[in-house]
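Chains as they are written, first to last, in this note's numbering: chain A, 3 to 503; chain W, 0 to 153.
No wet-lab data here; the hints were simulated from the structure. A couple of the hints might just be wrong.
Calculated cross-link-like contacts (lysine to any residue; reagent style SDA-like; alpha-carbon spacing at most 25 Å) [stated by the list, open to error]:
| # | chain 1 | residue 1 | chain 2 | residue 2 |
| --- | --- | --- | --- | --- |
| 1 | W | Lys77 | A | Ser165 |
| 2 | A | Lys342 | A | Leu83 |
| 3 | W | Lys1 | A | Ser165 |
| 4 | W | Lys1 | A | Gly13 |
| 5 | A | Lys342 | W | Arg139 |
| 6 | W | Lys1 | A | His191 |
| 7 | W | Lys77 | A | Val421 |
| 8 | A | Lys342 | W | Tyr134 |
| 9 | W | Lys1 | A | Leu428 |
Over the 10 Å line for every Cβ pair with chain W, so calculated as not near, a few chain A residues [said to hold, decoys possible]:
| # | residue |
| --- | --- |
| 10 | Gly203 |
| 11 | Pro396 |
| 12 | Val403 |
| 13 | Ala408 |
| 14 | Ile416 |
| 15 | Gly417 |
A few chain W residues that face chain A, going by a derived Cβ cut-off under 8 Å, partial list only [as the list claims (entries may be wrong)]:
| # | residue |
| --- | --- |
| 16 | Phe17 |
| 17 | Gly86 |
| 18 | Ile88 |
| 19 | Arg139 |
What you are looking at is a predicted structure, and each value in this text was computed from that prediction instead of being measured. Beta carbons: idealized from backbone N, C-alpha and C, even for Gly.
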Amino acid sequence: MSVESILAALGLIIQPQVLLIIGVSAAFGLFVGAIPGLTATMATALLVPVTFFMDPVSAVAAIVTTTAMAVSAGDIPGALLRIPGTPASAAYTDEAFAMTRKGLADQALGASLTCAAIGGLFGSIVLVVAAPILAEIALDFSAFEFFWLAALGLSTAALVSTSDRVKGILSLLIGLSISMVGLDVMSGHPRFNFGVVELMGGISFIPAMIGMFALSEMLREVSVGNTGRPKIQVNIGNPYRGLGTNLRRYKLSILRGGSLGTGVGALPGVGGDIAAWIAYAVSRRFSKTPDQFGKGHVEGIIEAGSANNSGLSSAWIPALVFGVPGDAITAIAVGVLFMKGLNPGPRLFSEQPEMLMAVILTFFVANLMLFPLGYLAISLCRHILSVPRRIVVPVVLVFCVVGSFAINNSVFGIGVMLVLGVFAYLLESNGFPIAPIILGIVLGPILEKNFMMAMMIADGHLAAFFARPIAAVLGVVTLGVWLAPVLIRLWAKLPTRKVKR
Amino acid sequence: MKIGDVSFGVFFLLSALFIFVYSIATFPVVPGAQFGPEFFPCLVSVLMGLSGIVLIVRGIAARDWVFDCSTWRGEARKVAAAVVMIGGILTYIVFLDALGFVLLAVANSTILMVVLGNRLLPSLLVSAAVTAVAYLVFTRLLYVPLPGGLFESI
């Protein structure tokens, strides 16, 4: 990454239009993240139809800013109402709420938002440094490596992030099935379109996503029946009170959380939410005062909060370098990049470095904006949180409909949104995770195309999939993810067998 | 709404069978290629079928095959809201070209807000405001044409 490309990228960003879009997206993200029931993924889903019509840099800037803000803002209802605004905040919701009950809500929020910004910046720095290096390596990747990467990403998403493995696999298969509708990747033969013209191009990704993440969430809101205003008990004081002391005392936690988040988030198929959970557990394990956890102790919040946002930034490393998204949000963003002609992958780094650099720079801008905007959000949270659900749901619905219609200017999109939305609601109510579905939709074509190409190169010999060194490693890791539960169970049985003898 | 594992298992098994049979029967054999367009769907459907069977077996073992609509039962408002939501979206699909976006959006939002418990006048005002914002953002800012329907001339 030369200085010229960085300056050129800065030039792309420091445009009034882009900065305005970043500002509006930040406000949007904070708003949506702070309202319980509206998640960061939903914010992204609703934003995509709007970004579809923007230029690539603005589009990605909008998505990155929105998600960074939404994930951080999700801490607010978590601390005040014990309802996490986004799944990532759920790792420390109880802790934050306990702090609120002790009258330390402002400290909890100040700490989590500041550490989110710090973690996010840390992850962004790693992104800047690591991504080009990885891209160099990835330039030599063949169909085998890409196949295993896609397989690894899909496998981890299906098997690691949920407790019910069979349902995770089924969600993944649903996503893959949806991706198979359209024209076959190798022969061009239409598949599963049943004579319907609109399906020739496949099931449109954006209405599918809006349905699965936004409509299903609205159905759930209605089914829970909580249509009133959430009650907030406390007055929020100054979020910066005691912040300096906390940061200094727990600087190791910030560093550890940031590194952990970056490492976990960078794994294909694993996103920022899991990083937060792991960081919280690690914080408790290595804390000097573990008994204080759960009673309103800021240490866990600091570590998990920074892991959260650093994971968010680093999840873009596999997404940008390999085109293999780390979680639902990056999957959505990768889908958008494909549609804009900015195909993520090693070629993107060599052919359009300034565009890519601009994307990475927006991470820095977004995370830096967390400092002032986070403060603003905390001050305004009373008002944001008072919007009753019975107004929020219909409003979101209008945007769902418009968004689904706008992509192809066809009511078929609205239909896709409806069908998949209801389906996703039923699935999620019964323990099926939704993220693997979207990953299946986005990665399905990549998986199939590279598999077919690999088979052609290998002439049908499966052993060739492990012939190249990187492919072999990736392949073994992927198989490991599949076999891990079986192996662990066998391992656990060994000592008892010895005892019986 | 809880639908038992057995029902889901059966659904997935049947879907898998459908995908498998449909792929084998209708996709052409591509001359010269070892694997044609039917390969991936068949692979996916086999895995889906197996997983479906696992769900069925698990469900039967846990006696988990009942429908459980208890979160919805007894609350007419919730059911009405869901019906209005889904019905509303269907009206968009059927009537969007005829009636236009603005009319449908204001009507649907107002009705849904009232069903969820708001009073009529505020619902109407908020719906109108939201629709106006959505319309302006998409038509003026993003140049996406939204059907005018009855208000084609505006």
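Quiz item: Closest CB-CB distance from Gly417 of chain A to chain W, is it above 10 Å?
Solution: violated (5 Å)
Quiz prompt | Reported absence of Ile416 of chain A from the contact zone with chain W (all CB gaps over 10 Å) | solution = violated (5 Å)
Quiz item: Is Lys77 of chain W close enough to Ser165 of chain A, meaning Cα to Cα at most 25 Å?
Solution: violated (30 Å)
Self-check item: Restraint status (C-alpha distance of Lys342 of chain A to Arg139 of chain W at most 25 Å)
Solution: holds (21 Å)
Quiz prompt | Hint validity - Gly86 of chain W Cβ closer than 8 Å to any chain A Cβ | solution = Given a least distance of 10 Å, the restraint on Gly86 of chain W is violated.
Exercise. Verify the proposed pairing of Lys77 of chain W with Val421 of chain A, using a straight-line Cα cut of 25 Å.
Key: With Cα atoms ~20 Å apart, Lys77 of chain W and Val421 of chain A stay inside 25 Å; holds.
Self-check item: Pair hint Lys342 of chain A and Leu83 of chain A, alpha-carbon separation not exceeding 25 Å
Solution: Violated, at roughly 39 Å.
Practice problem: Could you grab the alpha-carbon distance between Lys1 of chain W and His191 of chain A and see if it respects the 25 Å cut-off? | Solution: violated (39 Å)
Quiz item: Is the nearest Cβ of chain W still more than 10 Å from the Cβ of Pro396 of chain A?
Solution: violated (4 Å)
Quiz item: Would the hint on Ile88 of chain W stand, with a C-beta cut-off of 8 Å toward chain A?
Solution: Nearest chain A Cβ about 5 Å off; hint holds.
Quiz item: Is the nearest CB of chain W more than 10 Å from the CB of Ala408 of chain A?
Solution: Not fine: 4 Å to the nearest Cβ puts Ala408 of chain A too close to chain W.
Quiz item: Holds or violated: Arg139 of chain W as interface residue toward chain A, Cβ cutoff 8 Å?
Solution: Check failed: Cβ of Arg139 of chain W comes no nearer than 12 Å to chain A, outside 8 Å.
Violated hints, listed in ascending order, are 1, 2, 4, 6, 11, 12, 13, 14, 15, 16, 17 and 19; each of the other numbered hints is respected by the structure.
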